[in-house]
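Engineer: The residues making up each chain are set out below.
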Amino acid sequence: MAEQILMLALSPTMEEGTIATWKKKEGDKVSEGDIICEVETDKATMDYESIQEGVLLKILVPEGEDAAVGVPIAIIGEEGEDISALEKEASETAKEAEKEEEAAGASASEEKPEAKKDKQEKPETAEDKTEKERADKPAAKKEAVTTDGWVKASPLAREIARQRGIDIAAIEGSGPGGRVVKKDVESAPTRAGRPAASGFAPARAAGEDRTVKVSKMRKAIAGRLAESKFTAPHFYLNVSVRGEALMEARNRINKSLQEKISVNAFIMKLAAEALRRHPRVNAAWEGDTIREFGSVDIGLAVALDDGLITPVVRNCGNKGIVEIDGELKELIPRAQEGKLAPEEYSGAGFSVSNLGSFGIEEFTAIINPPGSAILAVGTLNKVPVVQEDGSLGTGLVMKFTLSCDHRVVDGAEGARFMATLKNNFENPMSALL
Amino acid sequence: MPVITFREALRQAMDEEMARDDRVFLLGEEVAQYNGAYKVTQGLWEKYGDKRVVDTPITEEGFTGLGVGAAMVGLRPIVEWMTLNFALMAYDQVVSNAAKTRYMSGGQFKLPMVMRGPNGPAEYLAAQHSQALQSIFAHIPGLKVVSPSTPYDAKGLLKTSIRDDNPVIFLEGELMYAWKGEVPEEEYLIPLGKADVKREGSDVSLVSYGKPMRVTLEAAEKLEKEGINAEVIDLRSIKPLDEEAVYASVRKTHCCVIVEESWPFASVGSHLGWLISRNAFDYLDAPVEMVASEEVPMPYNHKLELAVQPQVPKIVAAAKKVLYLDN
Chain S
1 MAEQILMLAL
11 SPTMEEGTIA
21 TWKKKEGDKV
31 SEGDIICEVE
41 TDKATMDYES
51 IQEGVLLKIL
61 VPEGEDAAVG
71 VPIAIIGEEG
81 EDISALEKEA
91 SETAKEAEKE
101 EEAAGASASE
111 EKPEAKKDKQ
121 EKPETAEDKT
131 EKERADKPAA
141 KKEAVTTDGW
151 VKASPLAREI
161 ARQRGIDIAA
171 IEGSGPGGRV
181 VKKDVESAPT
191 RAGRPAASGF
201 APARAAGEDR
211 TVKVSKMRKA
221 IAGRLAESKF
231 TAPHFYLNVS
241 VRGEALMEAR
251 NRINKSLQEK
261 ISVNAFIMKL
271 AAEALRRHPR
281 VNAAWEGDTI
291 REFGSVDIGL
301 AVALDDGLIT
311 PVVRNCGNKG
321 IVEIDGELKE
331 LIPRAQEGKL
341 APEEYSGAGF
351 SVSNLGSFGI
361 EEFTAIINPP
371 GSAILAVGTL
381 NKVPVVQEDG
391 SLGTGLVMKF
401 TLSCDHRVVD
411 GAEGARFMAT
421 LKNNFENPMS
431 ALL
Chain D
1 MPVITFREAL
11 RQAMDEEMAR
21 DDRVFLLGEE
31 VAQYNGAYKV
41 TQGLWEKYGD
51 KRVVDTPITE
61 EGFTGLGVGA
71 AMVGLRPIVE
81 WMTLNFALMA
91 YDQVVSNAAK
101 TRYMSGGQFK
111 LPMVMRGPNG
121 PAEYLAAQHS
131 QALQSIFAHI
141 PGLKVVSPST
151 PYDAKGLLKT
161 SIRDDNPVIF
171 LEGELMYAWK
181 GEVPEEEYLI
191 PLGKADVKRE
201 GSDVSLVSYG
211 KPMRVTLEAA
221 EKLEKEGINA
231 EVIDLRSIKP
241 LDEEAVYASV
251 RKTHCCVIVE
261 ESWPFASVGS
271 HLGWLISRNA
281 FDYLDAPVEM
291 VASEEVPMPY
301 NHKLELAVQP
311 QVPKIVAAAK
321 KVLYLDN
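Just so you know, the protein sequences line up as chains S and D, in that order.
Just so you know, we're using full-length UniProt numbering here: the first sequence kicks off at 1 and counts up by one.
Just so you know, we're using full-length UniProt numbering here: the second sequence kicks off at 1 and counts up by one.
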């Protein structure tokens, strides 16, 4: 008989999880213990091991979507079974969970760990009970995962953590049901950031460490950039670019406009022109093939309070500087408010990161997939330069560093692109050729 | 050092103590002329005669009570029960009289008495004759309970038990009587309440006593081959219990598996598990595991008979569980 697969509490504090990846497709056979999907919880991305067997008949929660603990995420059963009744039931459960969540509000979840600690002294209220029942239902299927905010840890792990001043809640448990055990604490960083030494160290009384929960965005940044840096073989090309012509052109244009055009719009337009001439730099590695993008879509790294995001201006090759600037002025504020839709910040074939406004002279950036190159732009500095006639003078110079994925872009190709880019900046007219 | 059987070690202990103290005497079914149902008392009747080696009728309650009375008036009886299963007939004498008299007389009566015999399953003996009953004796205040696992320990512990002024339940095993081991010729005693580290280790504590010590040591060897260094503790005496030896081991290894052949409910092992969780709580990295016999009457089918008892694979699995290596 077909049955629902429910979202389980995969971490002690988990109330809902995001399906990161489905490891099984509809129609796949599932055995007990198979990993059916990866679930991004508030703590980490965890494997969901099936406790049911059968054929995965229907995925109810697609990748990237959330489901509260206890909500059906898929249906499992025998091939060809009628599951319409279960599907209907599932959508009702999901709606109910949403309503409950709204009703419970944010304060309830924040107070929970504190409140539950004294639960022995405190008589159980009706509210506590329903909450517990809700939590117990799915948890009972796996091991006794506590959803009441209590961190499962062995007494020894707790004692070592206490003595070393480690926050046990910040440690990922590897024991049954996520229990934190000795080896988890021993491999956790201590207050001073050192790997834990053997034996008990006395607790330090200095300022308290602050443990910050990793946001989903931070997790995504960590995952994407680590993957990029560790899979794409990076190399770097560095050129100095004279900035007089660009500044002159910008000043001239800005005089005729009500709104000033940002340097970034110029950079993106001039980079787009160079990319049109060097399509291999606007490409993606796809294993057996390399995709040279038909459109020049450039992402611009925008810093947020905690994190960064790269809104993408599409088809920069066919847009004028004013149009690009207009789009940036619309995208950047929304990016800072975290209001971009996924299609507005993904799929850049090339990216620009500009830290010039922070006074950074030059730096290297990590490639933003699916692109194969990213341009790191330093500050525009007045520096001594050797003039064409050999005399010493001053000039405006900015440093560009291109990070390339060597699987796609070879050194010479990257160098030719940089030469074109440099020429575009120093002789903006040539970009029109 | 001579290698002798468990049976011979017990006989030597009784022989030496009977020679040393003429208040010591032996009574039980077929202990005299037949030389004992399992030949533990071989030759003692010939050596000491009718008055000191007494064949009794098949009346466990009667001759155990006789032992209690003899002890009360200053003799030092050794009561042989043909098996602990039959001792159930004598349970009232043990619990109400042997265990209580010293206390209730305000110490006016001593009870220097040993009740000994094979405990636990042997083979093909079915449900009524395959019981490991140590827990129901260990449950009673006033009794000492001893359970050796080697000929050496058996001899040293039995001699100490015979010299003790309290009633001692001394647990042997039918299958153990033929086990061999080194036993010195010179006299020695082993104090009650002193556990023995049968194997030093650092990764996991395996605690057992009596017959299952053998599978426990085999499991330790198996674990060794997988790179797991198990420490094996032999309790030797259940009451008094050498708790500190167990805690010392748990403080070192941080995890513990208890192995015993009785049923798990309210057993020696489950009590010890509670003691560890109370007194070594902060040293535990995993809940204490217990490998006991399955909670069923002993099946007659031999495969099932073996399957319900502690076996090497069960102990290995439990050790891996407390080490979080069972994924």
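Keep in mind the hints are simulated off the structure, nothing from the lab.
It is possible that some hints are incorrect.
[As the list claims (entries may be wrong)] Label pairs and their calculated CB-CB ranges: (1) 174/S x 313/D: 21 to 29 Å; (2) 302/D x 92/S: 30 to 38 Å; (3) 80/S x 313/D: 36 to 44 Å; (4) 279/D x 32/S: 32 to 40 Å; (5) 150/S x 301/D: 40 to 48 Å; (6) 210/S x 281/D: 25 to 33 Å; (7) 281/D x 235/S: 52 to 60 Å; (8) 150/S x 189/D: 46 to 54 Å; (9) 281/D x 215/S: 17 to 25 Å; (10) 183/S x 123/D: 36 to 44 Å.
[What the hints assert, rightly or not] Below, a list of computed lysine to any residue pairs in the SDA-like style, where the Cα atoms sit at most 20 Å apart: (11) 183/S x 245/D; (12) 320/D x 33/S; (13) 183/S x 189/D.
[Stated by the list, open to error] Listed next, the stretches of chain S that the computed footprint assigns to chain D, with coverage defined by at least 3 CB atoms under 8 Å from CB atoms of chain D: (14) 155-167; (15) 411-425.
For each residue, glycine too, the CB sits at the ideal point set by N, CA and C.
Engineer: Taking the hints in turn, state whether each one holds.
Structural biologist: Taking the hints in turn, this is what the structure says about them:
no. : hint                      : verdict
1   : 174/S x 313/D: 21 to 29 Å : 24 Å, holds
2   : 302/D x 92/S: 30 to 38 Å  : 55 Å, violated
3   : 80/S x 313/D: 36 to 44 Å  : 41 Å, holds
4   : 279/D x 32/S: 32 to 40 Å  : 38 Å, holds
5   : 150/S x 301/D: 40 to 48 Å : 45 Å, holds
6   : 210/S x 281/D: 25 to 33 Å : 30 Å, holds
7   : 281/D x 235/S: 52 to 60 Å : 56 Å, holds
8   : 150/S x 189/D: 46 to 54 Å : 51 Å, holds
9   : 281/D x 215/S: 17 to 25 Å : 36 Å, violated
10  : 183/S x 123/D: 36 to 44 Å : 42 Å, holds
11  : 183/S x 245/D             : 25 Å, violated
12  : 320/D x 33/S              : 19 Å, holds
13  : 183/S x 189/D             : 43 Å, violated
14  : 155-167                   : holds (count 5)
15  : 411-425                   : violated (count 0)
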